[in-house]
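In this note's numbering, the protein residues as written are 4 to 179.
Among these hints, one or two may not hold up.
[Stated by the list, open to error] List time: in silico DSBU-like cross-link candidates among lysine-lysine, alpha-carbon distance up to 35 Å: (1) 73 - 148; (2) 92 - 73; (3) 92 - 72.
[Said to hold, decoys possible] If you anchor each label on the Cβ, the simulated ranges turn out as follows: (4) 70 - 148: 17 to 25 Å; (5) 105 - 150: 29 to 37 Å; (6) 119 - 71: 18 to 26 Å; (7) 162 - 105: 27 to 35 Å; (8) 150 - 46: 29 to 37 Å.
The hints are simulated quantities; they were obtained by calculation from the structure and are not laboratory data. The structure presented is a predicted model; accordingly, all values stated were derived computationally and were not measured. For every residue, glycine included, the Cβ atom is placed at its ideal position computed from N, Cα and C.
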Amino acid sequence: MHNFPLLCSLILCNGLMVAAQEKVQKLPKEEEGSPAQIRIPQTLSRGWGDDIEWVQTYEEGLARSKHSKKPLMVIHHLEECPYSQALRKAFASSPEIQQMAQEDFIMLNLVHSSSDDNMAPDGHYVPRILFVDPSLTVRADLTGKYGNRMYAYEPEDISTLIENMRQAKLLLHTEL
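Use the sequences and the hints to build the structure in full.
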């Protein structure tokens, strides 16, 4: 019983931290001619796009996808992998990918494997990118161009990735 006040204090502190974090993230848009705003670093981006809102977990991504009716895009990568680094650089430098990721997708990048076996339909290699529609179905029809690594993309495959992102959006509006 003596732990009850401590538990209440912890819950209250957590609630205050969440509220403060939400308030900081919802800064008003910078107006033309006004001084530059202080930019909060987006640590969840891991270099894939600081202007993109990233979810923390696969489960959060699924819930937000279902609620928002936007497809979930899951990027599996490793920080020290040269293939992941090369794809990250190409992904981050593509204005079209960045815009679609910001506006049309729930975004998640994972540096560890998901507990959901659907996230590794053909193996646990990196980098790999999968799309999940709001009905929580992994899109097996949206793949890269490699038969032995169906969900792999390389920097020179950015146009394929852009096309798959368009298809994920297009099919979303015609099928759901």
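Evaluation of the provided hints:
1. For the given pair, residue 73 sits about 24 Å from residue 148 by alpha-carbon distance, which is consistent with the 35 Å threshold.
2. Pair hint residue 92 plus residue 73 holds up; C-alpha atoms about 25 Å apart against a cutoff of 35 Å.
3. Restraint check: the Cα-Cα separation between residue 92 and residue 72 comes to about 28 Å, which is no more than 35 Å; the hinted pair holds.
4. Restraint check, residue 70 to residue 148: a C-beta distance of roughly 33 Å breaks the suggested window 17 to 25 Å.
5. Distance hint check: the CB atoms of residue 105 and residue 150 are about 32 Å apart, consistent with the given range 29 to 37 Å.
6. Judged by the Cβ atoms, the range 18 to 26 Å given for residue 119 and residue 71 holds: they are separated by roughly 19 Å.
7. The given range of 27 to 35 Å is broken by residue 162 and residue 105, whose C-beta atoms sit roughly 19 Å from each other.
8. At about 36 Å, the CB distance of residue 150 to residue 46 agrees with the hint of 29 to 37 Å.
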